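Given chain A's structure and the hints, the job is docking chain B onto it.
Line order of the protein sequences matches chains A and B.
Residue 264 is where the first sequence starts when you use our numbering, and the numbers rise one by one after that.
Residue 3 is where the second sequence starts when you use our numbering, and the numbers rise one by one after that.
Heads up, a few of these hints could be off.
Unchecked claim - The calculated DSBU-like cross-link candidates involving lysine-lysine, where the alpha carbons are at most 35 Å apart (straight line), are:
1) K126/B with K61/B
2) K68/B with K280/A
3) K388/A with K280/A
4) K61/B with K537/A
5) K391/A with K353/A
6) K586/A with K453/A
7) K537/A with K353/A
8) K126/B with K358/A
9) K376/A with K537/A
10) K358/A with K388/A
11) K280/A with K126/B
12) K294/A with K358/A
13) K5/B with K91/B
14) K537/A with K350/A
15) K294/A with K353/A
16) K61/B with K353/A
17) K280/A with K30/B
18) K126/B with K294/A
19) K294/A with K91/B
20) K4/B with K68/B
21) K350/A with K126/B
22) K388/A with K353/A
23) K353/A with K393/A
24) K376/A with K68/B
Keep in mind that the hints were calculated from the coordinates and are not lab data.
In this text, all values refer to a predicted model and were calculated from it rather than measured experimentally.
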Amino acid sequence: MGLEAVGDLALHIILRKLGAEESGRAACVSKQLRASASEEPLWSHFCAQELHLSQPLDPHGNLAPSFKACYQSWRESFHMYPWSLVKRVKRCWGKITNWLTLNFPEAQSTLNKGASEADIQELEKTLKVKLPLPTRILYRFHDGQDLEDKNWRSSSRNGTLLGLIGGYSFYDRMVNVCLLPLHHIVLETKDIMETLDFSDYIVVAASTTHSQKLFFLNCTSGQLYVGTANLLLDGEMLPCVPNALLNSVHDRQQDAMLLWLEEHGRRLENGIIKLREQETMRSICQFPEEPPFCSTAVTSGVQVRCSSVFVPEFTNLQDTIQKYFFSYSIRMSLLPEGCSINGMTFNSCQLLSRHWVIRAGDVVVGNVNAEAVIGKYPLLRPGEPEFVYESCTPLPSLSGSIEGSFVFVPGRLADPKGRRFRVQAACFPLQLPDYIF
Amino acid sequence: MKKISVRTSDGQEFELEENLAMESATIKTSLDAFSRDDIILLPNVNSWEMVKIIEFFTKVQELETKFGVKFMEKKEGRFLEAFQAEFDKDLSDDNLYCLLWTVDYLGIEVLLENLCHLMAERTKNKTVESCRNLFGVQHDYTPEEEAEIREDYSWAFEGPEIEE
Chain A
264 MGLEAVGDLA LHIILRKLGA EESGRAACVS KQLRASASEE PLWSHFCAQE
314 LHLSQPLDPH GNLAPSFKAC YQSWRESFHM YPWSLVKRVK RCWGKITNWL
364 TLNFPEAQST LNKGASEADI QELEKTLKVK LPLPTRILYR FHDGQDLEDK
414 NWRSSSRNGT LLGLIGGYSF YDRMVNVCLL PLHHIVLETK DIMETLDFSD
464 YIVVAASTTH SQKLFFLNCT SGQLYVGTAN LLLDGEMLPC VPNALLNSVH
514 DRQQDAMLLW LEEHGRRLEN GIIKLREQET MRSICQFPEE PPFCSTAVTS
564 GVQVRCSSVF VPEFTNLQDT IQKYFFSYSI RMSLLPEGCS INGMTFNSCQ
614 LLSRHWVIRA GDVVVGNVNA EAVIGKYPLL RPGEPEFVYE SCTPLPSLSG
664 SIEGSFVFVP GRLADPKGRR FRVQAACFPL QLPDYIF
Chain B
3 MKKISVRTSD GQEFELEENL AMESATIKTS LDAFSRDDII LLPNVNSWEM
53 VKIIEFFTKV QELETKFGVK FMEKKEGRFL EAFQAEFDKD LSDDNLYCLL
103 WTVDYLGIEV LLENLCHLMA ERTKNKTVES CRNLFGVQHD YTPEEEAEIR
153 EDYSWAFEGP EIEE
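With the rest of the complex left out, here is chain A (with noise of 0.2 Å):
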């Protein structure tokens, strides 16, 4: 008895069991197991466990004959790279595509189709580099991001919200950062080039808004970096990926690029970034929602959230005060009970002033006891939104922590209905972050 003798669905399991590259294999051996291999259910359970597709979508999105044409054209198309590497790029932009079209429909709408082998060589040729193969599979799935029609690089101070990315705004100044699509990337780079003149180097994402943020790509390491307050002077930029993580990867596999990506899937997915909503724009916001990165505090009824994001643009490596910047988002709230004192509860109550102790390591550097935040004088009524509002220290260590307090008064300023109060701002860290983005 051989294995032609064994029941269809043994042969089906084994198949299975094998895998895509083997059953290829085995329907070499003889016609009827090539009948086996060519089954359906066998192909629909590869598309599914190695591309996660539930219909046969070939790498153009156009939907194939069957699963077996399906999985095969994704391997043909994609022969030039390690399957494994294509797959993991795969994962990663599933994580994001599929975060932002249930979170973020109008920013998965900007994502460019996959630029094409030609596309990337000629890119190559353009800025005589040799891109990592794990970006150049990111650049064969998704070319960057479509801003043309959304005043990109315009004068308009707001640019676009809907990068990839994401960012910050604190006081005027508004950061959101995108993915270039390749001829962007050329046009951004040879500009840049101008005044840095360093061979290698690509610039792979920006700020779309008016204040410059550059990400850089250095083909040769793999590595990328984000410029600092020095980048058009020095050259100054820092890694934006731990490079512990990078070495351990060779053979033109570095992939700082994809580690970057994935990570921001990751944060993404686990809501550790979310999408703020700002006078009816949206956009996705670094400012971490969760702990650890993100302190809570509740007093009387009154909520205060805080977090802190690393800012490179403004950072100074060569100052030795205020080299690190940091910005920080303080939202706070009234619960639904209410402001509740000594036993009274009142339905608002209004800031009157703010303490805080910012400290480098356990040095504290910084104590502000003022009126107001940002010149305003919030007030909370019970079950609103958050108040939100941003501010930013610079510190001199790369690692440090902001807590303090606030003065409220119950019912309002003009019309206080009781004593003032304290209200606790949790201690939050500011850090140089592994990941910078």
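Using the frame of chain A, we list chain B on its own:
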């Protein structure tokens, strides 16, 4: 626990524990149709196969207790590996085929998974030619046909292949 009696093709009788017997879809169907006191006839099963199947069942129950994997539930890696470690070396390819057929016929899902796993492990990374020997199949492609199908599946040939 009640015992179910079965008789194999060569006339030998075996007593199976009820819960094990019920794992076989075929035996279960027979039991539903007839009285439980009757002997179930299995004309397509040899006695040596039955011995092996009982051995397998016992091992699967042991592994279930050891790993806490419910009988018939997700056939996870350690479960498959432990089974393989125990039975793989003493099972010839021909015997494995016979058992695969029998277990399929009896409809014992968990054993089928395990035996398929054994077979898959033996097939991995073999060249097409050595697969033919292993599977005992005829090479029925003409050179042109073979070239054509290899071209079709060219992406499948980029991994390692072990000559045997």
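Here is how each hint holds up against the structure:
no., hint, result
1, K126/B with K61/B, "25 Å, holds"
2, K68/B with K280/A, "24 Å, holds"
3, K388/A with K280/A, "43 Å, violated"
4, K61/B with K537/A, "50 Å, violated"
5, K391/A with K353/A, "27 Å, holds"
6, K586/A with K453/A, "29 Å, holds"
7, K537/A with K353/A, "22 Å, holds"
8, K126/B with K358/A, "31 Å, holds"
9, K376/A with K537/A, "25 Å, holds"
10, K358/A with K388/A, "31 Å, holds"
11, K280/A with K126/B, "10 Å, holds"
12, K294/A with K358/A, "40 Å, violated"
13, K5/B with K91/B, "31 Å, holds"
14, K537/A with K350/A, "26 Å, holds"
15, K294/A with K353/A, "33 Å, holds"
16, K61/B with K353/A, "40 Å, violated"
17, K280/A with K30/B, "28 Å, holds"
18, K126/B with K294/A, "19 Å, holds"
19, K294/A with K91/B, "30 Å, holds"
20, K4/B with K68/B, "25 Å, holds"
21, K350/A with K126/B, "21 Å, holds"
22, K388/A with K353/A, "26 Å, holds"
23, K353/A with K393/A, "21 Å, holds"
24, K376/A with K68/B, "50 Å, violated"
Going down the numbered hints, you'll see the structure goes against 3, 4, 12, 16, 24, while the others check out.
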